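Mind docking chain B on chain A? Use the hints.
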Amino acid sequence: MDTTLTRPAEAPQMRGFSREAVEALSRAKGEPDWALEARLAAWEIYDNTPLPTQRDEAWRRTSLRALKLDDVRPFGATRGLARSLDEIPAAVRAGLEEGGEGGRDLRASFEASGTTPRAGLLLQHNSSVLYHTLNEDVAAQGVIFTGLDEAVRDHPELVQRYFMTGAVPPTHDKFAALHGAFWSGGTFIYVPRNCAVELPLQSRVYADADAPAVFAHTLIVAEEGAEVVFIDEFVSPTGEGQGFSDGAVEIYTGQGAQVRYFSVQDWGRHVYHFNTQRVVAERDSTTRSLSILLGSKLTKSNVESALDGPGATSEMLGIYFGDGTQHFDQHTLQDHLKPNTTSDLLFKGVLRDRARQVFAGLIRVEPGAQKTDAYQANRNLLLSDKARVDSMPKLEIGANDVRCTHGATMGQVDRDQLFYLSSRGLERSEAERLIVEGFLDEIIQRIPLEEVRDRLHAAIQQKMGLPAREGDEG
Amino acid sequence: MPIEASPGGGTLRGESTLSTLEIKNLHAKIEDKEILRGVNLTINQGEVHAMMGVNGSGKSTLAYILMGHPAYEVTEGDILLDGESVLEMEPDERAHKGLFLAFQYPTAIPGVNVANFLRLSANAVQKARFQEANPDAEYKAPPVAEFRKRLVEKMGVLKMDRSFMARYLNEGFSGGEKKRMEILQMAMLEPKFAIMDETDSGLDIDALRIVAEGVNAQLGPGLGVLVITHYQRLLEYIKPQFVHVMINGRIVADGGPELAKELDVKGYDWVRAEFAPEEAPVAAETPALARASLGVKQSLTGRQ
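Protein sequences, first through last, are from chains A and B.
Plus 11 on top of the position in the first sequence (first one is 1) and you've got my numbering.
Here my numbering is used: position 188 in the second sequence is 168, and no number is missing along the way.
The hints are simulated quantities; they were obtained by calculation from the structure and are not laboratory data.
Please read these numbers as outputs of a predicted model, since none were measured by experiment.
There's no promise every hint is true.
[To be verified] A few chain A residues that face chain B, going by a derived Cβ cut-off under 7 Å, partial list only: (1) Asp384; (2) Tyr386; (3) Asp427; (4) Leu437; (5) Glu438.
[What the hints assert, rightly or not] Ranges of calculated distance between the beta carbons of each label pair, as one might list FRET restraints: (6) A:Ala220 / B:Ala121: 33 to 41 Å; (7) B:Asn35 / A:Lys397: 33 to 41 Å; (8) B:Pro123 / A:Gln472: 18 to 26 Å; (9) A:Pro128 / B:Lys129: 26 to 34 Å; (10) B:Glu259 / A:Ala469: 54 to 62 Å; (11) A:Ala479 / B:Pro123: 30 to 38 Å; (12) B:Pro123 / A:Arg457: 24 to 32 Å; (13) A:Arg72 / B:Asn35: 42 to 50 Å.
[As the list claims (entries may be wrong)] A few chain A residues that face chain B, going by a derived Cβ cut-off under 7 Å, partial list only: (14) Tyr173; (15) Ser433; (16) Arg435.
No residue lacks a Cβ here, since even glycine has one placed at the ideal position from N, Cα and C.
Chain A with its partners taken away, still in its complex shape:
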């Protein structure tokens, strides 16, 4: 898997998005004509779509006036795969190569199959995938886990069938169109019929503080009866200038398949992040997703599930923790297209300082989608008087035999809880941390991966301004 796709290209000096930039990117990647044509078609949509303003309903509470699109470098140097982990900058692979229990030494763990805590790892640095590996036994079953650029070359029929055709087409909105024109790097996962990948697959996209735009794409195709768990991580240090990220996540859960998807977004505080994630769930399938939102300066994201076959179930969980002046605007959609479908959404978040959260959640039941069972809840805990939450649950119901419930809550830390804990000798900050972790625990408990749980606990600790500590007893 050390085939070098393309020659290292000069880092382009161009700024701003243009048709020429699309062509230059495609050329640098050495893409086939069909891929370039798809990019250009997306570019046309982008070019013909006005930039959203606060007069648009979906953008009423999020202003893009400070975003300087003309300053964005549309892509960076295109690099090929690293020959070994040693060639990859330490920051990109931090915490993933060794240490911790369960033997996280990749080389050892993947060569000695069956002992690894994950079945595969993919590392992306800025615009380019540098490394990916997959357990041999898993690969032998026909599972594909690779960079999207390589998939364009090696699996064109699958990419052409699924990539931005159904779940997140470029017509979704202006930023999805821009993504379609400039996507770079990204993960492609294909799990064939009745194949269960027991251990999780994991990707990390690491961007430098001064990285050009990142257009990460995740495409998961789980065929009938397949099972897969995937952890998608996005991380960068905070930089001086303006960072830009525009991602898309497409998940196809085939008939009776089971997909678990975890994303952790921890971009530096200078990054504008746009993202659309959509699940297309077939008959009797189960999809469970968790979106963990920690970083960025501004995040505008869509988390959607299309329940497209009878008996399909989608669990949609979200955790967010905003501090400083972070601005999160999350729109969710539980799109019940077929009868007897179930969706269960729970987004819980904590806001401190002057952080702002907008939640707009829609349950949409198409005519004919009888026996829909949809649940939606958004719960917020505010740690300061200046933090702000707007929560707008919405229902659009076109069928008459359905069960839909929704609700939103927001509140400050309970004074009686604080008093109780501090009467037991805990400092106020520690008492608050316990209350915050307790508030999020019902979701944290549903994370089966210790690594993700630890990551989250550490982030909470850091967000609350507390020093790192040893693991709790649990």
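Coordinates of chain B only, in the frame set by chain A:
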């Protein structure tokens, strides 16, 4: 009037190493409502005191104020622990100094694991006490295994199943489970003074017995207790040497265990008429027993 003192409380009193909790002319209000109107009480380590009174008399407020609840404002008077005022201390600091409040209504904290919480709490308290005693030394928390062993032992005394450890703190606990959890925390934190606010409320007789045994196992020269209760029932299990009666934010009567029994027979109207006629405009028959009054309180309890 002599007081029957138990061997524990009586013999150790006066030793210089013993701690003292003094409540002096304490006045307090919540919002604009005055609740405590001049409370005086001294508790020595090793003593068990009972504070009796009807609902709304101010006894639970006293418990909260001793622990530093932010909703109450002390307008006059002081609370001294070994001569040092605790009024400016946060609740956690008071816990470090050796005060403990067993809540009447323990707060549920969803998502907070019992074992995890107990270890954090015990470590915080032990660390603070260690550093107070050894300002230059570095505190090292005891190993988890050691903590677990101690916890399991204390849980055994309170007949608490190990499954408690994995539950969320007080969430979905029955009344009896909550009270046992309070006494368990008291055992783990080893306070000098414990205030037990209506620990008997909501308990059936079996639970009451278990809880009382849990408290009695902790009694000794190192622990001073203030049992706050409406009824005499609890005092049959946790035996006080001193009994006080509070009406309308003041202690109006002090005595020994017999005062609680008298109260049980004659009721609070009797105390009100007898000791605080200004609080009870309705005239009542004057009973024979009249050996305590506001004026003789200090001499009655024999403490300075």
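Taking the hints in turn, this is what the structure says about them:
1. Asp384: violated (25 Å)
2. Tyr386: Nearest chain B Cβ about 19 Å off; hint violated.
3. Asp427: For Asp427 (chain A), the interface hint holds, since the closest Cβ of chain B sits about 5 Å away, which is under 7 Å.
4. Leu437: Interface hint status for Leu437 (chain A): holds (5 Å vs cutoff 7 Å).
5. Glu438: holds (6 Å)
6. A:Ala220 / B:Ala121: 33 to 41 Å: holds (37 Å)
7. B:Asn35 / A:Lys397: 33 to 41 Å: holds (40 Å)
8. B:Pro123 / A:Gln472: 18 to 26 Å: holds (22 Å)
9. A:Pro128 / B:Lys129: 26 to 34 Å: Given about 31 Å between the Cβ atoms, the range holds.
10. B:Glu259 / A:Ala469: 54 to 62 Å: holds (57 Å)
11. A:Ala479 / B:Pro123: 30 to 38 Å: violated (20 Å)
12. B:Pro123 / A:Arg457: 24 to 32 Å: holds (30 Å)
13. A:Arg72 / B:Asn35: 42 to 50 Å: Cβ of Arg72 (chain A) to Cβ of Asn35 (chain B): about 48 Å, so the range 42 to 50 Å holds.
14. Tyr173: Violated, about 39 Å.
15. Ser433: Constraint on Ser433 (chain A) satisfied, holds at 4 Å.
16. Arg435: It holds, given that the least Cβ distance between Arg435 (chain A) and chain B is near 4 Å, below 7 Å.
Violated hints for the displayed structure, listed by number in ascending order: 1, 2, 11, 14.
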